[in-house]
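Visitor: Use the sequences and the hints to build the structure in full.
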Amino acid sequence: MEERTKKIREIAKRLLSEGRVDVVLGYRAGTVPLKNAPYFARTPEEAENFIWDSHGRINLANFLPQRQDRVAVVAKGCDARNIVNHIVENQIKRDQVYIIGVPCQGMIDPGLVYEREGRLIEEAIEADGRLIVKGQGFETTMERTEVLRQNCRSCAYRNPPLYDELVTDPVPEQEGLDPYEDIKEFLTRPNSERFDYFEKLIEPCIRCYACRDACPLCYCAVCFVDEHMPQWLGKSIDPRDKMTFHILRAFHCAGRCTDCGACEAACPMNIKVRQFTRRLEMDVKELYGYEAGLSPDIQPPLTVYRPDDPQDFIK
Amino acid sequence: MADMILKKSALADFIKSLSGSYKVFTPSREGQEVKFASNQGKVLLDFQNTLLSPKDFFFPQSERMFEYSTDPAAADAFILKDIATEPEPRLVFGIRPCDARAFVILDRIFKNDQYTDSYWFARREATTLIGLGCQNPCPTCFCLSVGGGPFSEEGLDVLACDLGETLLFKPLTEKGQQALDKAEGLAEADDKTSQEAARIKEQAEAAISSRISTDKIDEKTVMELYEAPHWEVVQERCLNCGVCTFVCPTCHCFDIQDEVAGKVGDRIRNWDTCMSWLFTQHGSGHNPRADKTSRVRQRFMHKFKYIPMKRGGDIGCVGCGRCIMLCPVNIDVRDVVRDMNA
Ligand code: SF4
Ligand code: SF4
Ligand code: SF4
Ligand code: SF4
Ligand code: SF4
Numbered sequence: 025m026e027e028r029t030k031k032i033r034e035i036a037k038r039l040l041s042e043g044r045v046d047v048v049l050g051y052r053a054g055t056v057p058l059k060n061a062p063y064f065a066r067t068p069e070e071a072e073n074f075i076w077d078s079h080g081r082i083n084l085a086n087f088l089p090q091r092q093d094r095v096a097v098v099a100k101g102c103d104a105r106n107i108v109n110h111i112v113e114n115q116i117k118r119d120q121v122y123i124i125g126v127p128c129q130g131m132i133d134p135g136l137v138y139e140r141e142g143r144l145i146e147e148a149i150e151a152d153g154r155l156i157v158k159g160q161g162f163e164t165t166m167e168r169t170e171v172l173r174q175n176c177r178s179c180a181y182r183n184p185p186l187y188d189e190l191v192t193d194p195v196p197e198q199e200g201l202d203p204y205e206d207i208k209e210f211l212t213r214p215n216s217e218r219f220d221y222f223e224k225l226i227e228p229c230i231r232c233y234a235c236r237d238a239c240p241l242c243y244c245a246v247c248f249v250d251e252h253m254p255q256w257l258g259k260s261i262d263p264r265d266k267m268t269f270h271i272l273r274a275f276h277c278a279g280r281c282t283d284c285g286a287c288e289a290a291c292p293m294n295i296k297v298r299q300f301t302r303r304l305e306m307d308v309k310e311l312y313g314y315e316a317g318l319s320p321d322i323q324p325p326l327t328v329y330r331p332d333d334p335q336d337f338i339k
Numbered sequence: 004m005a006d007m008i009l010k011k012s013a014l015a016d017f018i019k020s021l022s023g024s025y026k027v028f029t030p031s032r033e034g035q036e037v038k039f040a041s042n043q044g045k046v047l048l049d050f051q052n053t054l055l056s057p058k059d060f061f062f063p064q065s066e067r068m069f070e071y072s073t074d075p076a077a078a079d080a081f082i083l084k085d086i087a088t089e090p091e092p093r094l095v096f097g098i099r100p101c102d103a104r105a106f107v108i109l110d111r112i113f114k115n116d117q118y119t120d121s122y123w124f125a126r127r128e129a130t131t132l133i134g135l136g137c138q139n140p141c142p143t144c145f146c147l148s149v150g151g152g153p154f155s156e157e158g159l160d161v162l163a164c165d166l167g168e169t170l171l172f173k174p175l176t177e178k179g180q181q182a183l184d185k186a187e188g189l190a191e192a193d194d195k196t197s198q199e200a201a202r203i204k205e206q207a208e209a210a211i212s213s214r215i216s217t218d219k220i221d222e223k224t225v226m227e228l229y230e231a232p233h234w235e236v237v238q239e240r241c242l243n244c245g246v247c248t249f250v251c252p253t254c255h256c257f258d259i260q261d262e263v264a265g266k267v268g269d270r271i272r273n274w275d276t277c278m279s280w281l282f283t284q285h286g287s288g289h290n291p292r293a294d295k296t297s298r299v300r301q302r303f304m305h306k307f308k309y310i311p312m313k314r315g316g317d318i319g320c321v322g323c324g325r326c327i328m329l330c331p332v333n334i335d336v337r338d339v340v341r342d343m344n345a
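One line per chain: the protein sequences are A and C, in this order.
Read left to right, the first sequence gives residues 25 to 339 (this note's numbering).
Read left to right, the second sequence gives residues 4 to 345 (this note's numbering).
For the record, the hints were derived by calculation from the structure and aren't laboratory data.
Backbone N, C-alpha and C fix where the C-beta goes; we use that ideal spot for every residue, glycine too.
Mixed in with the good hints, there may be bad ones.
Claimed, not checked - Capping the alpha-carbon separation at 16 Å, the derived lysine to aspartate or glutamate pairs in EDC-like fashion look like this:
hint, chain 1, residue 1, chain 2, residue 2
1, A, LYS224, C, GLU33
2, A, LYS296, C, GLU36
3, A, LYS117, A, ASP46
4, C, LYS19, C, GLU208
5, C, LYS114, C, GLU128
6, A, LYS30, A, GLU70
7, C, LYS26, C, GLU89
8, A, LYS266, C, GLU262
9, C, LYS38, A, GLU227
10, A, LYS224, A, ASP188
11, A, LYS296, A, GLU189
12, C, LYS10, C, GLU187
Said to hold, decoys possible - Some chain C residues judged to face chain A by a derived CB distance under 8 Å, without partners named:
hint, residue
13, CYS244
14, HIS285
15, MET312
Guide: Structure follows, in structure tokens:
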């Protein structure tokens with residue numbers, strides 16, 4: 025962690041003092057435990073505020089669409105994949121963005137930490153692959169790997185597939201994973217049971233749209249939920265409207281989602297909204313052999329027509 | 004009105020004895036979330052605060068206000084009819100003093116010289132609030148800096164204090180006294196017990212480490228604050244999601260919508276948020292808060308400048324810290340106020 029922090033600061037300072045970029049996007053320490061904050065440095069002095077820890081769960085690619093300046097981004101594997109998406113979808117030009125790639129060891133899920141602890145955590149410290157959490161009258165040490173986010177546990181691209189510079193040597197990729205095991209099991213259940221599952225999943229949703237706003241893919245000038253001439257969607261917390269929002273949001277991510285988990289990280293209600301997108305990701309992978317954000321030279325399958333598309337699944 | 008004590012072992016019976024007269028809500032833990040629920044066997048006393056603010060007791064996220072027929076053949080076609088609701092008597096046990104103060108702020112907003120929000124007040128009047136003093140405030144609580152405190156009494160009908168083996172109840176209003184009169188298991192507290200509660204209160208106040216100052220905000224003009232450069236820095240990482248406003252006990256903006264299904268329509272009001280561009284979009288297409296900077300600024304200016312200007316200095320934030328805990332990009336209201344007050 026410390027090595028990465030040092031290197032990020034060094035690179036950011038160099039890029040800013042050489043005038044290579046106008047701004048560097050990274051993370052700085054947060055004011056509450058288990059959270060850090062996106063940070064925009066414009067001077068070499070400001071670059072001193074950058075840190076790298078296990079709490080960078082907001083995807084920094086989110087801040088790129090339609091930028092006019094030259095920008096460097098501190099990017100873990102998934103962030104870099106979303107930058108690739110942005111390049112493919114013409115949201116930013118390749119030569120405008122400098123990718124400071126960070127071989128990633130996974131990010132911590134505060135929800136899991138709270139679940140284990142069951143009380144308010146007032147301080148969190150990381151050292152030697154461990155997480156130490158403190159609160160009123162307690163101190164607990166846990167292994168980082170025990171409290172990683174689910175998407176990080178099944179992540180096959182911890183090393184950025186595209187970068188201008190890496191802050192450390194690549195980390196070993198996790199081999200032999202089946203990220204869709206649970207989904208395959210889920211698909212064997214009857215439709216009604218599956219629908220009930222999703223209804224229950226989003227029952228606590230307050231429609232704040234943080235999941236949408238934290239997602240790099242959601243950059244439409246006017247989101248379908250905000251369309252008002254005509255209005256597509258009711259605004260209340262009626263379960264049907266909620267479900268419509270979630271299903272449509274997920275479909276808009278089909279073949280584009282990198283499973284970065286920013287949507288879940290942003291949700292105040294700790295709703296596992298990736299349950300919607302993972303199924304679609306699995307389909308796109310199985311039907312088209314495509315995973316989003318691996319190369320700026322490949323067009324996403326849902327944006328191109330090919331006569332040899334496998335069409336037997338369209339009934 | 005005398006202070007009363009209750010053995011904690013009799014708490015369940017105490018709640019039960021009130022259930023005949025009120026629908027009683029108590030704090031409970033569901034998964035990781037602490038929320039108010041009715042008919043709970045076990046009353047949760049060891050918690051910091053509820054994840055979401057309890058404002059929805061009086062201001063639900065979605066509320067049906069009127070209904071109407073859209074059948075042109077009907078005699079009352081398109082006539083708005085009140086949805087008659089006689090709110091049931093409710094009692095909320097364990098509400099935090101900051102949240103109760105938020106209701107007092109909202110009372111003054113939902114009522115002015117021309118208009119009284121009947122939906123808000125009908126429920127307010129039918130509800131009795133038994134507060135629970137905060138003995139273990141979170142590091143994000145700054146109630147003491149905005150006019151409140153961990154044992155603030157404002158807005159409460161009764162204030163309870165956890166003395167370990169017993170709970171001390173201090174009645175504050177007629178309504179509160181009436182509730183205690185109906186309850187079982189209470190005994191009159193002696194002076195020593197009341198003194199012990201006073202000591203706990205002092206301890207709790209000393210435990211609040213988080214402070215902000217707002218004195219210079221009062222001195223500065225609106226335009227000075229409005230044009231300050233720090234908004235650019237805050238807006239840059241803000242997602243303009245609605246989290247901070249939806250979880251805030253004092254945020255109260257809503258949007259009124261008509262929803263029609265078949266031949267019947269409902270007029271509904273839903274929470275809205277100044278963080279959304281749609282919130283201020285005019286029918287003409289003009290938007291007075293077209294950019295993120297102006298939206299982010301609004302939230303803080305409203306709470307720390309506009310409300311104090313209009314309400315004799317009272318700040319529109321009660322320092323509960325929910326927005327700090329839940330903002331996905333860690334925009335910390337204390338930092339923003341520090342910049343405003345610089
Ligand atoms: S999904 Fe992969 S690259 Fe992204 S934070 Fe997790 S481990 Fe790192
Ligand atoms: S839907 Fe969620 S996991 Fe997928 S790219 Fe968006 S934020 Fe990341
Ligand atoms: S962030 Fe969570 S609560 Fe907000 S709209 Fe998304 S799922 Fe619902
Ligand atoms: S301050 Fe935080 S919670 Fe509020 S709109 Fe901005 S990102 Fe969302
Ligand atoms: S602005 Fe934040 S701290 Fe203040 S009352 Fe609202 S949620 Fe609580």
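Visitor: Does each hint fit the structure? Answer for all of them.
Guide: Taking the hints in turn, this is what the structure says about them:
{"no.": "1", "hint": "A:LYS224 / C:GLU33", "result": "holds, 14 Å"}
{"no.": "2", "hint": "A:LYS296 / C:GLU36", "result": "holds, 14 Å"}
{"no.": "3", "hint": "A:LYS117 / A:ASP46", "result": "holds, 15 Å"}
{"no.": "4", "hint": "C:LYS19 / C:GLU208", "result": "violated, 32 Å"}
{"no.": "5", "hint": "C:LYS114 / C:GLU128", "result": "holds, 14 Å"}
{"no.": "6", "hint": "A:LYS30 / A:GLU70", "result": "holds, 14 Å"}
{"no.": "7", "hint": "C:LYS26 / C:GLU89", "result": "holds, 14 Å"}
{"no.": "8", "hint": "A:LYS266 / C:GLU262", "result": "holds, 15 Å"}
{"no.": "9", "hint": "C:LYS38 / A:GLU227", "result": "holds, 14 Å"}
{"no.": "10", "hint": "A:LYS224 / A:ASP188", "result": "violated, 43 Å"}
{"no.": "11", "hint": "A:LYS296 / A:GLU189", "result": "violated, 33 Å"}
{"no.": "12", "hint": "C:LYS10 / C:GLU187", "result": "holds, 11 Å"}
{"no.": "13", "hint": "CYS244", "result": "holds, 4 Å"}
{"no.": "14", "hint": "HIS285", "result": "violated, 12 Å"}
{"no.": "15", "hint": "MET312", "result": "violated, 28 Å"}
The structure fails to meet hints 4, 10, 11, 14 and 15 from the earlier list, while all remaining hints are met.
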